[in-house]
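Generate coordinates for the entire structure from the input sequences, incorporating the hints supplied.
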Amino acid sequence: MARHVVVGKGPVGSTTARLLAEQGHEVLVLSRSGGPSTDQVGHRAVDAGDVEALTGAIGRADVLYNAVNPPDHTRWTQDWPPIGAALLDAAERTGALLVTMGNLYGYGRPTGPMTASSPLAATDVKGRLRAQMWRDALAAHQAGRVRVTEARASDFVGPGVPSAQSHLMRQLATLRRGRRAWVIGDPDAVHSWTYVPDVAATLVALGTDERSAGRAWHVPTAPPRSQRQALTDLLRRWAHRRPG
Amino acid sequence: MSGVPWPVLRAVGLAVPVMREVVDIRHQWDAPFVLDATETTETFGLRPTPWDDVVRATTATGVPV
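Chains as they are written, first to last, in numbering that gives the first Met the number 0: chain A, 0 to 243; chain B, 0 to 64.
Each hint should be verified, as a subset may be incorrect.
Unchecked claim - If the Cβ cut is set under 8 Å, some of the chain B residues that face chain A in the computed set are:
#, residue
1, W28
2, V33
3, D35
4, A36
5, E38
6, T40
7, E41
8, R46
9, W50
10, V54
Unchecked claim - These stretches of chain A come out as covered by chain B in the derived footprint (C-beta under 8 Å, 3 or more residues):
#, region
11, 13-25
12, 82-96
13, 114-127
14, 188-199
Source of the hints: derived by calculation from the structure; they are not laboratory data. Cβ coordinates follow ideal geometry from the N, Cα and C atoms, glycine included.
Written out as structure tokens, the structure is:
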């Protein structure tokens, strides 16, 4: 039985851990706050930026998932580098395949639909940071020190996704309170919305299939909807759902 | 539903750091921002959950917080 260690217990980490457990894997979730372990999923508290503590908490692992989501976007440049480096180091020390949850920031302004081989051309701070994290991981992979892969998704949608982690869910909460939603950018520009269970399915596929290693992959996502279309779809469904 | 004009966001960003961060990634929101995962589907056989099912599942629980 393979042992999978998931670092992070937000929507992505939790959904991934549940899916791995359903598939019969041994699962340990590491997070800042820990949590009560069940028969299916173990929990431990650890500082993901502390490589000694992290390696100790992991113990043995076949696959290590980076599903960390530093909550404050304004602190990414301080919060991400030590966590990214510690996860990479821990994967190297334990021999685990490192599966990182990524995003589309590294591409910068797209010139069309983005594929996993689109150039990492971001010029903004957060985009350059995520691009560099992947370049560091890939360089370590190519040097034979560690095996890595990365799943990249667009903005999240799904039950249990908190407003703080999704523009769509935040606007939905505002509209549900009967208030006008002031969306970011053009309400009619189409946008990919990635469903969190599809993210988990992709992470698990990458973690359990050696063909994933050495490159990034995109999370399968339904055809794009504009912010206006997506919010209208969600509100309409809410209005018509049956109680219970 | 209305779009916030970028000059307003920039002005707010002077006082609110998170708004400044949003202005940095305006390219994600002022033009089509679309992901293509054809390779993942072809390699691993994974398909996206249809949008109608996403909408149904997302609205099946409580109001987001």
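Evaluation of the provided hints:
Because the closest C-beta pair between W28 of chain B and chain A is about 3 Å apart, less than 8 Å, the hint holds. Because the smallest distance between the Cβ of V33 of chain B and any Cβ of chain A comes to about 4 Å, under 8 Å, the interface hint for this residue holds. Look at D35 of chain B: its Cβ gets to within about 4 Å of chain A, closer than 8 Å, so that hint holds up. Interface restraint check for A36 of chain B: the shortest CB-CB distance to chain A comes to about 4 Å, inside 8 Å, so the restraint holds.
The interface hint given for E38 of chain B holds, since its Cβ lies 6 Å from the closest Cβ of chain A, which is under the 8 Å cut-off. Against a cut-off of 8 Å between C-beta atoms, the interface hint on T40 of chain B holds, since the closest Cβ of chain A lies about 5 Å away. Because the smallest distance between the Cβ of E41 of chain B and any Cβ of chain A comes to about 10 Å, over 8 Å, the interface hint for this residue is violated. About 6 Å separates the beta-carbon of R46 of chain B from the nearest beta-carbon of chain A, less than 8 Å, and the hint is met.
Because the beta carbon of W50 of chain B sits about 4 Å from the nearest beta carbon in chain A, less than 8 Å, this interface hint is met. At about 5 Å, the closest approach between the beta carbon of V54 of chain B and any beta carbon in chain A falls short of 8 Å, and the interface hint on this residue holds. Chain B is given as covering the region 13-25 of chain A, and this is violated because 0 residues of the stretch bring a CB closer than 8 Å to a CB of that chain, at least three being needed. Counting residues of the region 82-96 of chain A whose CB lies closer than 8 Å to any CB of chain B gives 0, so the stated coverage by that chain is violated, three being the minimum.
Chain B is given as covering the region 114-127 of chain A, and this holds because 6 residues of the stretch bring a CB closer than 8 Å to a CB of that chain, at least three being needed. Figure legend: the region 188-199 of chain A, annotated as covered by chain B; annotation consistent (9 residues with Cβ-Cβ distances under 8 Å, at least 3 required).
The structure fails hints 7, 11 and 12 (numbered hints given earlier, in ascending order).
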